[in-house]
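Student: Sequence:
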Amino acid sequence: MAETDFDVIVVGSGCAGAVAAYTAASAGKSVLVVERGYFAGAKNMTGGRIYSHSLKEVFPDFESEAPLERKITHERIALLDARSNMTVDFTSDELAEEGKDSYAVLRAPFDQWLASKAEDAG
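Numbering (my numbering), first residue to last: 2 to 123.
Since the hints were derived computationally from the structure, they do not count as laboratory data. Remember, it's a predicted structure, so these values are computed and weren't measured experimentally. Quick reminder that beta carbons are idealized off the backbone N, C-alpha and C, glycines included. Among the hints, a few may not be true.
[Unchecked claim] The following label-pair restraints were derived from C-beta to C-beta distances:
#1 75 - 17: 52 to 58 Å
#2 92 - 6: 50 to 56 Å
#3 80 - 40: 34 to 40 Å
#4 30 - 55: 20 to 26 Å
[What the hints assert, rightly or not] In silico BS3-like links for lysine-lysine, alpha-carbon gap of 25 Å or less:
#5 72 - 101
#6 72 - 118
#7 57 - 72
#8 101 - 118
#9 30 - 72
#10 118 - 44
#11 57 - 30
#12 30 - 118
#13 101 - 30
When you get a sec, could you build the whole thing from the sequences and use the hints?
Tutor: Shown next, in the form of structure tokens:
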């Protein structure tokens, strides 16, 4: 069996793993990503919320290419117990401001996009 050396080994190609791999590869490091699914995001059956201020630090133009579902412009938070509930609605122009905006994503395609960015970086 041949031995291969890597500067960085990342376990899992979810959001954090893919960004770690991308950042290391962009810095010229040799990177190996180990993923137990058949592809990045294969194990992810949920949606999520992505805040643009953190993602823009790594991918400044992500909005033009990432698989985003929709921009979030309204917040609704529900608190539930077995017999009652309370819902708080919130909307603000700030939700659309640069650096305060966020997007709903389906994690499987979003994770695949992130992994492809890491792979493209090396």
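Student: For each hint, tell me whether it holds in the structure or not.
Tutor: Evaluated hints:
The given range of 52 to 58 Å is broken by residue 75 and residue 17, whose C-beta atoms sit roughly 28 Å from each other. Judged by the Cβ atoms, the range 50 to 56 Å given for residue 92 and residue 6 holds: they are separated by roughly 53 Å. Here the CB-CB span from residue 80 to residue 40 is close to 37 Å, well matched to the stated 34 to 40 Å. Between residue 30 and residue 55 the Cβ separation comes to about 21 Å, which falls inside the hinted range of 20 to 26 Å.
Only pairs whose Cα atoms come within 25 Å are accepted, and residue 72 paired with residue 101 is accepted, the gap being roughly 11 Å. For the given pair, residue 72 sits about 22 Å from residue 118 by alpha-carbon distance, which is consistent with the 25 Å threshold. Only pairs whose Cα atoms come within 25 Å are accepted, and residue 57 paired with residue 72 is accepted, the gap being roughly 15 Å. The suggested pairing of residue 101 with residue 118 holds, with an alpha-carbon distance near 24 Å, which does not exceed 25 Å.
Straight-line distance between C-alpha atoms of residue 30 and residue 72 comes to about 34 Å, which puts the hinted pair past the 25 Å bound. Our distance criterion of 25 Å between C-alpha atoms is met by residue 118 and residue 44, whose separation comes to about 19 Å. For the given pair, residue 57 sits about 22 Å from residue 30 by alpha-carbon distance, which is consistent with the 25 Å threshold. Between the alpha carbons of residue 30 and residue 118 the distance comes to roughly 15 Å, so the proposed pair stays at or under 25 Å and holds.
This hinted pair does not check out: residue 101 and residue 30 have alpha carbons roughly 32 Å apart, beyond 25 Å.
Checked against the numbered hints listed earlier, the structure breaks hints 1, 9 and 13; every other hint is satisfied.
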